[in-house]
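**Q** Chain by chain, the residues:
There are 2 protein chains.
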Amino acid sequence: MNCEIIGVGTELLLGDIVNTDAQYLARELAAMGIVIHYQEVVGDNPERMRACISNAVSRSDLVILTGGLGPTADDLTKEISCEVMGAELVLDEDILEGIRSYFSSKGIVMPESNAKQAYVPKGGTVFANRNGTAPGCAVEKDGKTVIMLPGPPRELKVMFEYEVKPYLAQKTGGVILSKQVRTFGIGESDMAQRVADLLDGENPTVAPYAKDGEALLRVTARAETKEKAEQMCDETIEKIREKIGGYIYSTDSLNLEQTVVKLLREKGKKIALAESCTGGYIAKRITDVPGSSEVFEYGIVSYSNEVKMKLLGVKSETIEQFTEVSEQTAAEMAEGVRKLSGADIGISVTGISGPGGGTEDKPVGLAYIGFSHSGGTYVHEVRTGRSLDSREYNRYVTASNALHMVIQHFYERDE
Amino acid sequence: MNCEIIGVGTELLLGDIVNTDAQYLARELAAMGIVIHYQEVVGDNPERMRACISNAVSRSDLVILTGGLGPTADDLTKEISCEVMGAELVLDEDILEGIRSYFSSKGIVMPESNAKQAYVPKGGTVFANRNGTAPGCAVEKDGKTVIMLPGPPRELKVMFEYEVKPYLAQKTGGVILSKQVRTFGIGESDMAQRVADLLDGENPTVAPYAKDGEALLRVTARAETKEKAEQMCDETIEKIREKIGGYIYSTDSLNLEQTVVKLLREKGKKIALAESCTGGYIAKRITDVPGSSEVFEYGIVSYSNEVKMKLLGVKSETIEQFTEVSEQTAAEMAEGVRKLSGADIGISVTGISGPGGGTEDKPVGLAYIGFSHSGGTYVHEVRTGRSLDSREYNRYVTASNALHMVIQHFYERDE
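Protein chains in written order, with this note's numbering: chain A, 1 to 415; chain B, 1 to 415.
Any given hint could turn out to be false.
All copies of an identical chain are treated as equivalent in the list; a pair is satisfied when it fits inside any one copy or across any two copies.
[Unchecked claim] In silico lysine-lysine, DSS-like type, Cα no more than 27 angstroms apart, as pairs: (1) 362 <-> 179; (2) 179 <-> 226; (3) 239 <-> 144; (4) 310 <-> 267.
Hints listed in this document are in silico derivations from the structure and should not be mistaken for laboratory results.
Extracted from the complex, chain A is given alone in its bound form:
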């Protein structure tokens, strides 16, 4: 069964809000083995809505619309979808009663305009809204299905989970399952070249893409059962591992910070941070992960030389001789924060994020990452090669490199 998703609403079209409904539905549908061919966004305009919905119904088995179920005059999703599907809208007294009591429970009398929401397609399926007034619904005709869902994510997600999934489950045989292979330190094109022969596969499919300075492969298998699909993915991931294993840090869809926290917890180790140019970005990403307090206690944002010397014990001579952006300073920062905190691993970052501060031999995008542990201290140099408007990118990628050093530290020790 192939599907397309249509977001209805001028606020989407003009970019006032980002279309997270489409992403949510796409993920859920793909996981159910429903193939998505198109997504669209159309404004609250009858002619264009009619054209868009007719076109979708003509080329897809399943069309899911989000938004346009509200009480106001420009909410037309039900009216136009039912017109296209040749279904009649009829008043459902029970739903009307439900909407009335939803308002009275808040001590408000239902505005008459909301009665509009109690009209549903005759002979269609109705989906209850547990977080709002607008019910969802589905109409079927000639093997085509049109589903209409409310736009607000908290209404949509609950309705999809509890009402729409069971409805769709009857329609779909088989399962599609995707797994992510996350790499670090290799570009998308280089990665794609090395696994080129796998990219032509029909089932599982292997698709490369880049995200936040990382190259990823998405392995997607279609099978009768979840177990079989999982097995097919794993077999393909093994083939990928043979080609680029050294760059893979995760095949369980954990990102860098999640992998770092997982490894530190497994090994019972603690980490401390001394951040200069990343200014707390590494600490922020580590503490994004629930339970990170087990492995992370000390973070110092040393955004001046005084802090580096006073709190981290960096020698003034070191800064005078080599400047604050140097291997030597990074090393002393990492050792200093490890000593201060008593953690097993001390990580430090000092560099030039931009836009200003770059020089010929120390350009914007340059950073030194110090890594200190019981076995010693070493420094890794990062050059992002980007300057203009890349402060966020430089900081993010530098933080990613620091996180990856922790992962490599543990992986190498396992080998």
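Could you slot chain B onto chain A? The hints should help.
**A** Same frame as chain A, but now just chain B:
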């Protein structure tokens, strides 16, 4: 001129990433007076791409594609768009040289597959990529224009701002200019009600929207000149100020952290941070702002009680008697970091971000923000009211509240 935006990529279609490019472009285009009728997303599938692009060209004057300009075999945006527009792709030696030097600046030899990115439509317009290897381009035919831009937001935004805007400006008469009115501490619907009479305006238009826990108004004016449009926006912003002035923290499209750094620089004050539950998020956001090192030197991520006591001087009795998530601990943290750093303002945060750790009287989403300055120390309590899956939201909104306290501190002193 009417326009549609097509996002190309299976990662978008399957919901691996959310389509923020479409939102960004929609906003920018609307602000330029270009009417958007449709947005689509299509996967890396030649037939469906061809159908989608042909359909778009047939009904819209301007079609903007994002993504699919990568070096891999499934990147087909240029190939298929040019086929539809009847344009030939030719190798541009200069671009090829640029891509080679981009790689060599990172100390890497260009993978041969990247040469694909140096092919551009014959007789078309080329847009330089300042943050990546894939150039953008535009082809025109019979009054129709197709623009192809890279998918990664960092590449797309800079290219659009510096290359595509000037290109489009020639095509559109007059100027459309938008200004943002940013508020804090008021909900979107409440805000919308208070400025309701302004929301019906034709020119300027006033549109409310919510973002990251803040309520914003976008004021958009259309005029012959930039100056005139600016003046129209400012007059409307004055009317808005009369109604909700107390909630407005910025009308120059600066966000919270940018406003904080601007104010601290103007006043010549320095700030220091002691973060527990936000784990470096405030430091990260402040150091997102270029030049923040002038006003921010010391950040402590105190993710354990030991750090709070050892570095910040929080009394063990305070933690024993009131726990680490308490007004008293927040106050001592703020005073402690101010003392340690010698900064003018000390900010502290301690709270429960979730998913775990909540109790009846101290639920997930609760945080105490300490504010210490020469005039004394006070504590602000935040309750986000969210628990389930809201760790990121709780941390972000708590950080926003802390930043807003700094802004209020200065605004109140001006009055």
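**Q** So, for every hint listed, does it hold in this structure?
**A** Verification of the supplied hints:
Taking CA atoms no more than 27 angstroms apart as the test, residue 362 paired with residue 179 passes in neither setting, with 40 angstroms inside one copy and 38 angstroms between copies. For the homomeric pair residue 179 and residue 226, the shortest alpha-carbon distance inside one copy (12 angstroms) is at most 27 angstroms, but the shortest distance between copies (50 angstroms) is not. In this assembly of identical chains, residue 239 and residue 144 lie within 27 angstroms of each other by CA distance neither inside one copy nor across copies; the values are 39 angstroms within and 46 angstroms between. Only between protomers do residue 310 and residue 267 lie at most 27 angstroms apart by alpha-carbon distance; the minimum there is 26 angstroms, versus 31 angstroms within a single protomer.
Figure legend: structure checked against the earlier numbered hints; hints not met, in rising order: 1 and 3.
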